[in-house]
Structure formats: C-alpha cells, structure tokens
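Participant: Could you build the full structure based on these sequences and the hints that come with them?
Top line first, the protein sequences correspond to chains A and B. For what it's worth, the numbering used here labels the leading residue of the first sequence as 1, then goes sequentially. For what it's worth, the numbering used here labels the leading residue of the second sequence as 1001, then goes sequentially.
Be careful, since some hints might not be right.
[What the hints assert, rightly or not] Here are the in silico distance ranges between beta carbons for each label pair:
#	chain 1	residue 1	chain 2	residue 2	range
1	A	15	B	1047	57 to 67 Å
2	B	1058	A	57	17 to 27 Å
3	A	111	B	1106	10 to 20 Å
4	B	1047	A	69	18 to 28 Å
5	B	1009	A	71	37 to 47 Å
6	A	104	B	1085	40 to 50 Å
7	B	1056	A	120	18 to 28 Å
[To be verified] On the chain B side, residues computed to face chain A include the following (Cβ under 7 Å):
#	residue
8	1030
9	1049
10	1070
11	1072
12	1081
13	1109
Worth flagging that the hints you see were computed from the coordinates, not collected in a lab. Every residue, glycine too, gets a C-beta built ideally from N, C-alpha and C.
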Amino acid sequence: MTAPRVERPGLFYPKLPATWWLRNANYFRFMLRELSSVFIALFLVVFLVQLHRLSQGPGAYAAYLETLRAPGWIIFHVVALAFALYHSVTWFNLTGVVQVVRLGERQVPPRLVAGASFALWAVVSVVLLWFLLRG
Amino acid sequence: MATRKTSEPFWWLLFAAGGMVAALLVPVHLLVHGLAVPLGWTSISHARMLALAGHPLVKLYLFALIALPLYHWAHRFRFILEDLGLRGLRTPIAILCYGAAVLGTVATLWVLWQI
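Facilitator: Here is the structure:
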C-alpha cells in the first residue's frame, strides 16, 4: 500500500476503514450515487444482449423477452430503474453547480440551470417514448 | 507542483459525456425494454424493432447510448474501489475498469454491425 506515496510524495492519504461510508447519511448517499453507475452499466449490457438476440431472428428475440419476464429479472430492472432515476436527479441537480451559465455580466442562478436540465430530461423522455411506442 | 502528463482529462471527458447520456436517456429505455415490453404493458414487434435498430442514425444513437455510460461506470467504479481502501492497486484497477469499458465498446460495435 506504500507504492503511491513514493510515486506521488506530495499527497497525504488518511487511513479509513472500508466501511467509512456507513457512518453518516451523506456518505451513504454518495456511495449510492456512485453505485448507480454499476446498475446502469449492467442494464446496458442486458440491453446489448437483447439487441444481439434481435439480430438472430424473431424466435431468439421472443425467447429472450420470455427470459426477462422471470421475477428475478423484473426485480433487477425495478432496482436498476430506481438507481437510474437517482443518477438522473443527482446529475441534473449538479449541472447547475458545475456548469456556470452567464448572461452578460450576470450569472444564471444554478437552480435555474438545474430546472432547465430537468425540463430537457422530461422533453427527451416524452419524445423517446412516443418514438418507441407509436404504431 | 510540476505538471505531469496524464490521460486523466480524456477519461474524465468520457465520464462526463457518459453521465449526461445516462441521465437523459437511460431511464426511459430501462422502463420500456426492461419492464414495459417483458411485462406485456406494451409490445414492440420483432420486425419494427429490427427496422428501428437497423437504421444507420439509430445505430449511431444506440452506440452512444450503450458505450458512453460504460466509461461513466469505469470512472466511478474505479474510485469506489479506491475509496474502499484499494488505493495501493490504483494502476491495475484503472486498467481493469477502463479496459472493461473499451471491451464493452468493441462488443457494442460488433452487435450493431450484425443488425
């Protein structure tokens, strides 16, 4: 564990137990937010497999959708959706802080930037739903 | 501190792009392809899904939708592991995480190529 200290002598790493994020609600929420990326990536891998089955013909595709109907997969997708929504909310809340928007001399309030991001999310979601479900 | 040349900004850019794609697009696709279609709330026929996914612009969209958030995952997962105390392994962890994302990118290209 000493290698990075030799490599980068200017940095100090405090020693923390691996359970430091269970100590306080803020740390716990931080860990949940970081963990959301795991569920999002897992869903995208499952979706990629779905696209692969799609290219193998109607039979393979129908069989894969049947697999996804199993309770275990439904639970996985419900949990993944909760994490995905958590990621979206925390991400758009932060855009207002990270992305400073200026109009002339004045800075647009971060809450307005976040609000615009949420509005964009809503519009994009509705357009996608319409595109996927029409006909 | 002396300036060190690192690839960090490149990975961070992919992280930010992936985070934005994930935030904007993933919830709807998760709802439709993970729950609504398997549970029969709605149906998208094989023919229609194939026609959609076969369109070059949709393929480009699907590539961004799937590949970019993998780099977002790689970046966050890397720091989850480091924050859990594996700081001594930072180089192998980084190679493993970004390597997995690159592998996922190649797999995405391959799947989309076959449609």
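Participant: What are the numbers of the hints that this structure violates, sorted from low to high?
Facilitator: 3, 12, 13
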